[in-house]
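Quick note, the sequences are listed as chains R and D, same order. Numbering follows this note's numbering, with no gaps: position 119 of the first sequence is 119. Numbering follows this note's numbering, with no gaps: position 83 of the second sequence is 1083.
Any given hint could be a false lead.
[As the list claims (entries may be wrong)] No farther apart than 16 Å at their CA atoms in a straight line, the calculated lysine to aspartate or glutamate pairs in the EDC-like style are these:
no. : chain 1 : residue 1 : chain 2 : residue 2
1   : D       : K1138     : R       : E8
2   : R       : K124      : D       : D1018
3   : D       : K1109     : R       : D16
[As the list claims (entries may be wrong)] Have a look at the derived ranges for each label pair, beta carbon to beta carbon:
no. : chain 1 : residue 1 : chain 2 : residue 2 : range
4   : D       : N1054     : R       : W88       : 50 to 58 Å
5   : R       : E13       : D       : D1022     : 22 to 30 Å
6   : D       : D1022     : R       : G50       : 47 to 55 Å
7   : D       : A1113     : R       : N2        : 19 to 27 Å
8   : D       : N1012     : R       : I96       : 35 to 43 Å
9   : D       : R1029     : R       : L94       : 36 to 44 Å
10  : D       : E1085     : R       : Y78       : 54 to 62 Å
11  : D       : N1092     : R       : L48       : 49 to 57 Å
In case anyone wonders, no lab produced these hints; they're calculated from the structure. Using N, Cα and C, we set each Cβ at its ideal position, and we do this for glycine too.
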Amino acid sequence: MNHHQQWEVLIQEACDHQVPVLPASLKASLMHRLFPPWASLAFLSQVLAGVLLIIGPAILESLWLSDYNSVPLPGLAYGAFGFMTLLWLVPMALRILQNSSQDLGTLSDNIDEVFKLNAKRRLKAAE
Amino acid sequence: MIFSLGLRLFHNEKNTLDFVQDVYLDTFRKRDQFQGRSRYSTYLYSFALHRGLNQIRKSSKIHFQQVEDFAAEPEAEEPPSAPPEIVREELNGLPEVYRLPLVLHYYEKMSVAAIAAELEQKENTVKSYMLRARKILKQKIEERMRRSV
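Given the sequences, and given the hints that come with them, work out the whole structure.
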């Protein structure tokens, strides 16, 4: 690496060091808004139910508690599983849709506000 | 992308926010000028760079003095070794006439000729300022490193 390249690396690293990153608090707040705690809990329960659904029949069968061929367990269980999914998926989807439309409205209001404030500040500076 | 460019050009958050706002407003107003020959992000970046340099040139913050011609471009001396935050602080502490050519050349990868054209200066003036900027920056960083030891 010649001196020119070394200078390039030095200046690039220094400038990149200056680039602001998304504050951790803001990141957490965004995640919280996208995935509220109840949705995360519902999702985890769903995953757990899915795992039980997969391993449950095999365990029951191995314990001779259920006859896998004669009891309509899979159909009922999968139906219940689908219903459970709708119970949290639909409200969450509605919430996200509602949030995004609200956010767009708020965002445009904020932009207007920033433009107005900047215009005022510039006028003041010009005076 | 535009905010980071603004920070490199102005190294001041307030001016950078104004710059970002102006760039987006201008590109929106001049959206018909985009001919689709490059990616929009490339167009936006070069538009912003040109606009930022134009703004700096028009402001009274930067004033180059013409210098004698160089026969050839002087070879860059060995750079100092220091953590990026120290280099950044010392770089931002340089007067604009020294800081800007360094950032444009080494970060934005602009040739000396392109910098000279954007800042409406002779190539040799830019070369001279770059040479002096490297010397001053190296000296400042070395002094700071000596003090911290």
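Hint check results:
Of the supplied pair hints, the one linking K1138/D and E8/R holds, its CA atoms being roughly 14 Å apart against a limit of 16 Å. Our distance criterion of 16 Å between C-alpha atoms is met by K124/R and D1018/D, whose separation comes to about 15 Å. For a cut-off of 16 Å, the pair hint linking K1109/D to D16/R stands: about 14 Å separates their Cα positions. Look at N1054/D against W88/R: about 54 Å separates their beta carbons, and that is inside 50 to 58 Å.
The hint said 22 to 30 Å for the Cβ distance between E13/R and D1022/D, and at roughly 29 Å that hint holds. Roughly 52 Å separates the CB atoms of D1022/D and G50/R, a value that falls within the hinted 47 to 55 Å. At about 20 Å, the CB distance of A1113/D to N2/R agrees with the hint of 19 to 27 Å. Take N1012/D and I96/R: their Cβ atoms lie about 38 Å apart, and the range 35 to 43 Å holds.
The hint said 36 to 44 Å for the Cβ distance between R1029/D and L94/R, and at roughly 38 Å that hint holds. For E1085/D paired with Y78/R, a C-beta distance near 57 Å keeps the hint of 54 to 62 Å intact. At about 53 Å, the beta-carbon gap between N1092/D and L48/R stays in the expected band of 49 to 57 Å.
Every hint from the earlier list agrees with this structure, and none is contradicted.
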